[in-house]
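S.K.: Once you have looked at the hints, place chain G on chain Z.
One line per chain: the protein sequences are Z and G, in this order. Take the first sequence: its position 178, counted from the start at 1, is 178 in the numbering used here, and no numbers get skipped. Take the second sequence: its position 41, counted from the start at 1, is 41 in the numbering used here, and no numbers get skipped.
Any given hint could turn out to be false.
Repeated chains share a single entry, so a pair holds when one copy, or any two copies, can fit it.
As the list claims (entries may be wrong) - Straight-line Cα separation of at most 25 Å, SDA-like style, residue types lysine to any residue; simulated pairs:
hint, residue 1, residue 2
1, Lys338, Gly307
2, Lys159, Glu305
3, Lys352, Gly203
4, Lys286, Arg296
5, Lys159, Tyr263
6, Lys159, Leu304
7, Lys286, Asp317
8, Lys160, Glu330
9, Lys66, Thr3
10, Lys160, Glu305
11, Lys66, Ser35
12, Lys338, Gly327
13, Lys138, Asp218
Hint data in this document are derived by calculation from the structure and do not stem from the laboratory.
There are 2 protein chains.
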Amino acid sequence: MVTIEQIRHALEAVIDPELGRSIVDLGMVRDLKISGQEVNFTLALTTLACPLQDTLVEEATEAIAKLDDHLVVKIRREEMTEEEKRQIFGQKPGEPEKPLAERLNDIAHVIAVMSGKGGVGKSSVAVQLAITLRRQGKRVGILDADITGPSIPKMFGLKKPPVGSPIGIVPPETTTGIKVMSINLLLENESQAVIWRGPLIAGAIRQFWSEVFWRDLDYLIIDLPPGTSDASLTVMQSIPVSAVLMVTSPQDLAGMIVRKAAYMAQQLNIPIVGLVENMSYVLCPKCGERIEAFGRSKALETALEIGVPLLGRLPLDPHFSELCDAGQVESYPAQAFKEIAAQVVSLMPQGKAKPVFE
Amino acid sequence: MVTIEQIRHALEAVIDPELGRSIVDLGMVRDLKISGQEVNFTLALTTLACPLQDTLVEEATEAIAKLDDHLVVKIRREEMTEEEKRQIFGQKPGEPEKPLAERLNDIAHVIAVMSGKGGVGKSSVAVQLAITLRRQGKRVGILDADITGPSIPKMFGLKKPPVGSPIGIVPPETTTGIKVMSINLLLENESQAVIWRGPLIAGAIRQFWSEVFWRDLDYLIIDLPPGTSDASLTVMQSIPVSAVLMVTSPQDLAGMIVRKAAYMAQQLNIPIVGLVENMSYVLCPKCGERIEAFGRSKALETALEIGVPLLGRLPLDPHFSELCDAGQVESYPAQAFKEIAAQVVSLMPQGKAKPVFE
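Isolated chain Z (complex conformation) (with noise of 0.2 Å):
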């Protein structure tokens, strides 16, 4: 005869996998009986329209028919209480009501990359550092809170729709296992604008955080738009961003607005990593001549006003852009960013930041 804890310990290798975790931990297993050869229990789910609760029924009966292959098994659902999930995803009484996707993710390390200049290679630069960091095993996701000109999906090729989740959003994965929330994901046509005010732009974004279910990551990479208006400021004062990554191309005319959105990081006490300067030069690919489309570099005297390192200059690569055009800037091999990529992670911040305002 099989026993109660018997069942239960066979219970515990079953994850919902959308929370990573064991039916039995997550309090889903309930009124647990045995008569003779039949084994009842009720499977409390976060929803009734969970859409992998046929998987957990298959798995839970599976496991207990690997006990005793006599045992008839009968599993009643029903849905938990707004009360019981609270308790479940850890919400202490009294604490504001935060979205279940933001109480279980677990991110390491948020990075901001930006700029204030526009059409400087920030989406390049976020994009070269996810591959970077996606290569060396580490779980990275983007979040492109660049609502207005959102860049990343067709850089990756992406065009499935995030899928909803009782959790919340559930981001899609690029070819290599990149997790993407961006605006144009949930638009019928990448062409369609969005002409928002700033109110909708900060819900957007504050929705890409909370609301999307991105589970465990080392890195989340956010590309933040051009200015250092309601999409910046959204993004410093609800996330809790560790540090920024500044971008910069030659010019001292983005120098200078760079220099705004650095005063604009430093104001909000937010860590900038570094500078990287993008665009810094083209190699003939007749002559090989190294030629500064953009005129002579001023990137190290910009880093230096700001105070931070100067982490490597890029080329203006065509290559890469064809890549970006087609949907596969996977495939780029991204020689140039390998050292930037090893800075940044050496200089992060220790421990998970705190958001200016939670």
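M.R.: Just chain G, lined up with the frame of chain Z:
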């Protein structure tokens, strides 16, 4: 003996330099009396703080002295009532009160330079359009609507702050006489960040339109920031934009964002005069090779998709970047831009536009 009529006629030659009209026409000459050799009148000023009042008094005295230099001229100064100012500046009763500057400005065409995408060269195109039109003798102004990333003043080496006047803010002029208004002219230090949410951004842009005394302009060029959020919405809804000039870079990625911006203009019924591709190629200074540094151009496809003409393709020219950094953009020959400017002028819609929301 001189008559009142002769004196009045003489005073018609005295022009208020701020309003560009005679003090008689403006109703500023009151209680004109002659007793013996003494001419007495009251000069009604829009404000007693008017910095030009001494000049006006002097010119009026001289104009009368020309009639008969034995006359003794006594001028009393007073300030107009609000009601009088309204009458002078032609506001109809019941009409919502528009700022003085907006009522006195006479701007034939407003062109918004837009892209959606950052860093494709909106400011470069706006500036090249301005200098080209200015060289043809047109009266040109640039309204820098990029509040968080303003780059226009630096390109012109313009550091003079705007000055106040009874009519409104008087924008400084560049070496060749282009009027410029930008938030960076109002900051103590050009690297200071403007960390504002949308409503403040929108307020600043509306002020740049309605409280800046642009006077008579053939073209007011508005340099929009990236994105389709607050700044672009405010410009398109509160300013009577005659047409939008779209800017893209060769990447399809840029094209996608530009299509979003075009969609916005179309939603708000603002005509798009055409598309300019910037940063199309770099010429190798050593071997003359034409390098497509951002990959193969997708501008024609983008233009066809939006349904507007492709007005031209501009190279990425290090010399241009260097002149911008040095604040000497007005020395740039802008050869490649001449034909684009000619097309913009010929394709501009006729007549003044109305703002979407007045």
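S.K.: Could you run down the list of hints and mark each one as holding or not?
M.R.: Against the structure, the hints:
1. Lys338 to Gly307: Answer is within: at 23 Å inside a copy they meet the 25 Å cutoff, but 42 Å across does not.
2. Lys159 to Glu305: between (41 Å within a copy, 20 Å between copies)
3. Lys352 to Gly203: within (23 Å within a copy, 37 Å between copies)
4. Lys286 to Arg296: both (22 Å within a copy, 16 Å between copies)
5. Lys159 to Tyr263: Intra 36 Å, inter 21 Å, cutoff 25 Å: inter-copy only.
6. Lys159 to Leu304: Between copies, since 24 Å is at most 25 Å while 41 Å is not.
7. Lys286 to Asp317: Both, since 14 Å and 19 Å are each at most 25 Å.
8. Lys160 to Glu330: Classified as within: same-chain Cα gap 17 Å, cross-chain 48 Å, threshold 25 Å.
9. Lys66 to Thr3: This pair counts as within: shortest intra-copy Cα distance 14 Å, inter-copy 121 Å.
10. Lys160 to Glu305: between (43 Å within a copy, 24 Å between copies)
11. Lys66 to Ser35: This pair counts as within: shortest intra-copy Cα distance 18 Å, inter-copy 122 Å.
12. Lys338 to Gly327: within (21 Å within a copy, 36 Å between copies)
13. Lys138 to Asp218: within (6 Å within a copy, 58 Å between copies)
In this structure, every one of the numbered hints holds.
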